[in-house]
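Whenever a hint applies, use it, and build me the whole structure from the sequences.
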Amino acid sequence: MFISEALLPDLSAAAIAFTIITYVILDGTDLGVGVLFATRHDPDEKQIMVNSILPIWDGNETWLVLGGGGLLALFPVVYSVLFSALYVPVIAMLLALIVRAVALEFRADASARMKRWLDINLVIGSLIATFCQGVIMGSVVQGIDQQGGKFAGDGWEWLGAFPLACGVVLVIGYALLGSCWLYWRTEGALQAAARRQARRLGLLTLAGIAIIVVWTSLLAPSYRDHLLQSNLSLALLLTQGALLIGFYQAFSSRFHFLPLFAVLGWFGTAFAAAIIALYPMILPPSLVISQASAPASSQGFMLVGFAVLVPVTLAYNTWGFWVFRGKVKAESPQE
Amino acid sequence: MESVDPALMLARYQFAFTISFHIVLAAFSIGLANYLMVLEALWLWRKRQVYRDVYRFWLKIFALTVAVGTASGLVMEFEFGTNWSALASRAGGILGPLMFYEVMVAFFLEAGFIGVMLFGMNKVGPRLHFLSTCAVAIGSLFSAFWILSANSWMHTPAGFSIASDGRFVPEDWLQIIFNPSFPYRMAHMSIAAFLGTAMLVGGAGAWHLLRDNTHAPARVMFSMALWMAALVGPVQLVAGDLHGENTRDHQPQKLAAMEGSWQRPEAGQGEPLRLFAIPDQANRRNDFELAIPHLGSLYLRHDWTGTIQSLDEFADEDIPPVAVVFFAFRIMVGIGLLIVAMGIASLYLRWRGGLFECRWLMRCAVLMAPAGFIAMVCGWVVTEVGRQPFTVHGLMRTAHSHSQQPLSFVAGSTFALVILYLLVFGLGLFYLLRAINRLPAKSTDAND
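If you're matching them up, the sequences are chains A and B in order.
Following the numbering used here, the numbering of the first sequence begins with 1 at its first residue and continues without gaps.
Following the numbering used here, the numbering of the second sequence begins with 1 at its first residue and continues without gaps.
For the record, the hints were derived by calculation from the structure and aren't laboratory data.
Incorrect hints may have been included.
[Stated by the list, open to error] No farther apart than 30 angstroms at their CA atoms in a straight line, the calculated lysine-lysine pairs in the DSS-like style are these: (1) B/Lys123 <-> A/Lys329; (2) B/Lys60 <-> A/Lys327; (3) A/Lys327 <-> B/Lys123; (4) B/Lys47 <-> A/Lys327.
[What the hints assert, rightly or not] Derived, one-sided and incomplete: chain B residues facing chain A with beta-carbon distance under 7 angstroms: (5) Leu74; (6) Ser89; (7) Gly112; (8) Val116; (9) Phe119; (10) Lys123; (11) Asp312; (12) Ala315; (13) Val424; (14) Phe425; (15) Gly426.
[To be verified] Covered stretches of chain A, going by a simulated chain B footprint (3 or more residues, C-beta under 8 angstroms): (16) 49-60; (17) 79-91; (18) 287-298; (19) 303-312.
Predicted model, so just to flag it, every value in this text is computed and none were measured.
Glycine residues also receive a C-beta, built at the ideal position from the N, C-alpha and C atoms.
Here's what the structure looks like:
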């Protein structure tokens, strides 16, 4: 291997981190649109919202599949402990994602009455999936009790205050992503409504992120120390501040994608803060990256593919987004 | 016999339930994606409108299939962690990378281009659209490649060592990926996906032909499906035979269970072909056996007197549940022979004329519409139940592979999954049948 074996665990963790944040910003946006479905009632507007995500949601969700597969492949102990510990929210998330998929794809041929039923399911599916993802992330930060690579708790630890708060904040955050997406891709009354929603949700999201970051540093002394001692923390704080100003300024620009990109920056800095707090632990409080790793041969085999294939994937995914550029219309998208 | 742990049994049933639904969808997606690629190629090349009409008809159905297929696949991937974490821990170093490559090479390819394929006809030119269809079709086959490699490794493990803590450590990735049973399973399953889809397409075509046998799109569907049955059906019999030979060499208990063979026949007697029997696992014998002597040797050993290892050459705790494997195998082969028979009948009718006048063949085709997929599921039952009591053949037992979740968790998740799947697949089936029942539009637009 031309990469030193000692670097493989950290590189693998970086690959997982990249996959997670990519999933969050891509599918977070679709799930956010799904959540916001509850706020609009005009059938044309709802059709436009669905049309805006129909060609891309499947590809976005595939990053979650990569995340799960990556965890199994690169850190199998984390994979098995995590899914044993978070059995209930993981199953709930999977079921909710199925409901969301069905609500989106079965809509085209549905009667008006069936559409109303599917719409309710789109909202519920998106809400539950998002909330569960927040709970899962919060549980990881809170810590998972494991002994010798096996989960050692009772499976209800996710019902704590911190994970549940993370669930709520993630719902707000995804809704913000969704509203910024709609501001970019729609026009008229729907866009104006999205603009209002985005500006309000922006403040709520920032408050939420701030609360979670402070709470995180209170959860464990190591978190607090990592955050306070890292040089990056100040940089992240400044970036967050700049993006905050940028976000609100962006609504005056003729480039409608800017608010969304600012919010993507927020998610990025928040995620970076989480990594700073946790590193080198991959599953707090007791599993560090090097302990939880798959054999070097597995990690090396995968990272080679990752390094080549992920840029290729990003390239043709970008092409896919570009094909469907422009403002979204209400007509049902046939081929 | 070890006492049965209810949480283990429930976890196994949950897996069997979720994977059965998923495999049908996945196979249908593979078959349809490739069929759509062929149709679009024919349309671009021959420029006959009818190919475009058939393409559009099945494209709508493909959209339904793929969406639910992705979501049900996600369940499978995470189910290894929730219910089978011991297997995930020990074999994750090997199975994980294979599934990881499946996502990176195949799923992303499919998911990335499916948006353009489904919704982009008016946004990109016809050649670029065709390339997108090809990307989705090839992606689906890549996906089959990786997941079948992972599954095959569990049947015929190779290229690994075992660490002191029991973990499987990869040593040679080429040997792992191209393990002994992989090529046969890949060929047999890919063909099964194509044939299952062909039977469904043929059944849909026949359904419309029975009402109006001049309908051009329906004629195309019916005819193409029967070409598949006639030409690819026999190939599948050969692929199955070769797969069976590989199983004979690497998983002899499974083959013995497929044949219901409890004792080895005397020298010179050869293996019988058991048309029917009721295997009695506790007493290690068959009741009501109806068998033809020697014919078994013909397909098992390709001679008149060869024999295979029998079940009594293995310990009680190392053999699978025989009855399930025995009957599933016979259903699968029976359906396969029926498909080949339909193919032969269609060849005769083409030669003599009257393929589109033969109403009994059309009625057969309608009845046989789900048959390909039923045979495929039976085949999976044969191979997976036949692998029991092992998850990794000879090396790791199913009983030691599960997460040991509390019974309440497994019961709760099973209950929720069953209800949701029945609702979703019920609704999906309703939409599928309704979409098939609608006449494929014969387009008259000038701009097509």
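Tested hints:
Taking the CA atoms of B/Lys123 and A/Lys329, the gap is about 14 angstroms. The hint holds against a cut of 30 angstroms. For the proposed pair B/Lys60 and A/Lys327, the alpha carbon gap of about 24 angstroms is at most 30 angstroms, so the pair holds. Annotation: proposed proximity of A/Lys327 to B/Lys123 holds, straight-line Cα distance about 13 angstroms (limit 30 angstroms). This hinted pair does not check out: B/Lys47 and A/Lys327 have alpha carbons roughly 33 angstroms apart, beyond 30 angstroms.
Against a cut-off of 7 angstroms between C-beta atoms, the interface hint on B/Leu74 holds, since the closest Cβ of chain A lies about 6 angstroms away. Given hint, B/Ser89 at the interface with chain A, holds; its Cβ is 5 angstroms from that chain's nearest Cβ, closer than 7 angstroms. Because the closest C-beta pair between B/Gly112 and chain A is about 5 angstroms apart, less than 7 angstroms, the hint holds. Checking B/Val116 against chain A: minimum C-beta separation of about 6 angstroms stays under 7 angstroms; hint holds.
Interface hint status for B/Phe119: upheld, as the beta-carbon distance to the closest one in chain A is roughly 4 angstroms, under 7 angstroms. Given the 7 angstroms rule on beta carbons, the hint for B/Lys123 holds: about 5 angstroms separates it from the nearest Cβ of chain A. Because the smallest distance between the Cβ of B/Asp312 and any Cβ of chain A comes to about 37 angstroms, over 7 angstroms, the interface hint for this residue is violated. At about 29 angstroms, the closest approach between the beta carbon of B/Ala315 and any beta carbon in chain A exceeds 7 angstroms, and the interface hint on this residue is violated.
Hint status for B/Val424 relative to chain A: holds, with the closest Cβ pair at about 5 angstroms, below 7 angstroms. Interface hint at B/Phe425: violated, since its Cβ lies 10 angstroms from the closest Cβ of chain A, which is beyond the 7 angstroms cut-off. Interface hint at B/Gly426: violated, since its Cβ lies 11 angstroms from the closest Cβ of chain A, which is beyond the 7 angstroms cut-off. Only residues whose C-beta sits within less than 8 angstroms of a C-beta in chain B count toward coverage, and the region 49-60 of chain A has 5 of them, enough to reach three; the restraint holds.
Closer than 8 angstroms: that is the beta-carbon criterion, and the region 79-91 of chain A has 10 residues meeting it against chain B, so the requirement of 3 holds. Coverage of the region 287-298 of chain A by chain B holds in this model, with 4 residues showing a Cβ closer than 8 angstroms to a Cβ of that chain against a need of three. Coverage of a stretch by a chain is defined here by at least three residues with a beta carbon nearer than 8 angstroms to that chain's beta carbons; for the region 303-312 of chain A and chain B the count is 4, and the condition holds.
Violation of the numbered hints given earlier is confined to hints 4, 11, 12, 14 and 15; the remaining hints are satisfied by the structure.
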